[in-house]
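> Sequence:
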Amino acid sequence: MDGNDYSEAFSRLLSRMNYIELSGDMVVDNLKNIVSRLGMEVASGELEFKCKWSKYKECNICTIDGKPMVFVKELWQVQPFREILGIHLASKFLDSTASFPDYLFGKWKVSGRKTIPVLITPYLHGEPLGKKEFKRFHGSLGKQYAFHEILSLYDVDWRHFIMNNEKLTRIDLGRCFANLDMEFAGFWDFKIKKLTKSKEFIEQYEQERDLLSKNFACNAGKIHSLLQQVRDVGQEGNFLLDLDLGTLVDEIVHYWKAHVAWDVFDVLEPFDN
Numbered sequence: 001m002d003g004n005d006y007s008e009a010f011s012r013l014l015s016r017m018n019y020i021e022l023s024g025d026m027v028v029d030n031l032k033n034i035v036s037r038l039g040m041e042v043a044s045g046e047l048e049f050k051c052k053w054s055k056y057k058e059c060n061i062c063t064i065d066g067k068p069m070v071f072v073k074e075l076w077q078v079q080p081f082r083e084i085l086g087i088h089l090a091s092k093f094l095d096s097t098a099s100f101p102d103y104l105f106g107k108w109k110v111s112g113r114k115t116i117p118v119l120i121t122p123y124l125h126g127e128p129l130g131k132k133e134f135k136r137f138h139g140s141l142g143k144q145y146a147f148h149e150i151l152s153l154y155d156v157d158w159r160h161f162i163m164n165n166e167k168l169t170r171i172d173l174g175r176c177f178a179n180l181d182m183e184f185a186g187f188w189d190f191k192i193k194k195l196t197k198s199k200e201f202i203e204q205y206e207q208e209r210d211l212l213s214k215n216f217a218c219n220a221g222k223i224h225s226l227l228q229q230v231r232d233v234g235q236e237g238n239f240l241l242d243l244d245l246g247t248l249v250d251e252i253v254h255y256w257k258a259h260v261a262w263d264v265f266d267v268l269e270p271f272d273n
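Quick note: the sequence shown uses our numbering, first residue 1, plus one each step.
One or more hints might be untrue.
What the hints assert, rightly or not - Calculated lysine-lysine pairs in the DSS-like style (CA-CA distance at most 25 Å, straight line):
hint, residue 1, residue 2
1, K214, K167
2, K52, K32
3, K222, K199
4, K57, K73
5, K32, K50
6, K92, K167
7, K132, K107
8, K131, K197
9, K214, K92
10, K57, K67
11, K50, K109
12, K199, K135
13, K50, K114
14, K32, K135
15, K73, K52
16, K199, K214
17, K132, K222
18, K135, K197
19, K50, K107
Hints were generated in silico from the structure; no laboratory data involved.
Construct the entire structure; sequences and hints are all you get.
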């Protein structure tokens, strides 16, 4: 299947998002294209591609000395567009410091194998958050709570937070916009509810909430336009879609207004049917 198999509405949406199609082996030209699309620079010929197959495919684009620059993963979960939409909203409009600052997504026709959907992001360096370091990051976890709340982001696990320079960034947004019919509860996968009593947690939660609200308000027109375009795709089954995007947008907006309940969501105009 190639891009010509997409509907006109979905093709228009892809042109607005960070879509890419790859074919064959990851030769230097492919690697340079990916790195360039992510706004990175590297000297010609100084890139390597390293992969492993487990349940699904994971790869890194590395410098010649083995330092990872870019992470490439197969989108193996059902309804992967939830993750793509979450990353796009976060990196372009809400807070590019809380998770990936940029992304690409699309499909890769792997030599000798079937075509797979892929997500490509800058490699986030650091160490996974551990219980021994937990107390040092009460404030950063408050920021992450607000970030997770607006994206209804679940699968909150120690390994999904990377420590770097005394701050946390979230990796793996595969469970974005989950459980949209209820108040956000995903952060309690940690099973440490005493966090809510931490002064640092509360302060940074409120700071991040204010930042997200301001950024949402400043970008409300662009967010509304994007969501309208997503909604217009509606029900379409193709290589990248296995859900009704009209229903998804309606559920996201209802979740924001009913369960996050920030005044800023009132600036969203009604969508065209």
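> If a hint holds in the structure, say so; if it does not, say that too.
Hints, one by one, checked against the model:
{"no.": "1", "hint": "K214 to K167", "in the structure": "holds, 22 Å"}
{"no.": "2", "hint": "K52 to K32", "in the structure": "holds, 21 Å"}
{"no.": "3", "hint": "K222 to K199", "in the structure": "violated, 35 Å"}
{"no.": "4", "hint": "K57 to K73", "in the structure": "holds, 6 Å"}
{"no.": "5", "hint": "K32 to K50", "in the structure": "holds, 15 Å"}
{"no.": "6", "hint": "K92 to K167", "in the structure": "holds, 20 Å"}
{"no.": "7", "hint": "K132 to K107", "in the structure": "violated, 39 Å"}
{"no.": "8", "hint": "K131 to K197", "in the structure": "holds, 18 Å"}
{"no.": "9", "hint": "K214 to K92", "in the structure": "holds, 14 Å"}
{"no.": "10", "hint": "K57 to K67", "in the structure": "holds, 19 Å"}
{"no.": "11", "hint": "K50 to K109", "in the structure": "holds, 17 Å"}
{"no.": "12", "hint": "K199 to K135", "in the structure": "holds, 12 Å"}
{"no.": "13", "hint": "K50 to K114", "in the structure": "holds, 19 Å"}
{"no.": "14", "hint": "K32 to K135", "in the structure": "violated, 41 Å"}
{"no.": "15", "hint": "K73 to K52", "in the structure": "holds, 10 Å"}
{"no.": "16", "hint": "K199 to K214", "in the structure": "holds, 23 Å"}
{"no.": "17", "hint": "K132 to K222", "in the structure": "violated, 41 Å"}
{"no.": "18", "hint": "K135 to K197", "in the structure": "holds, 13 Å"}
{"no.": "19", "hint": "K50 to K107", "in the structure": "holds, 18 Å"}
When the structure is compared with the earlier hints, violations turn up for hints 3, 7, 14 and 17 and for no others.
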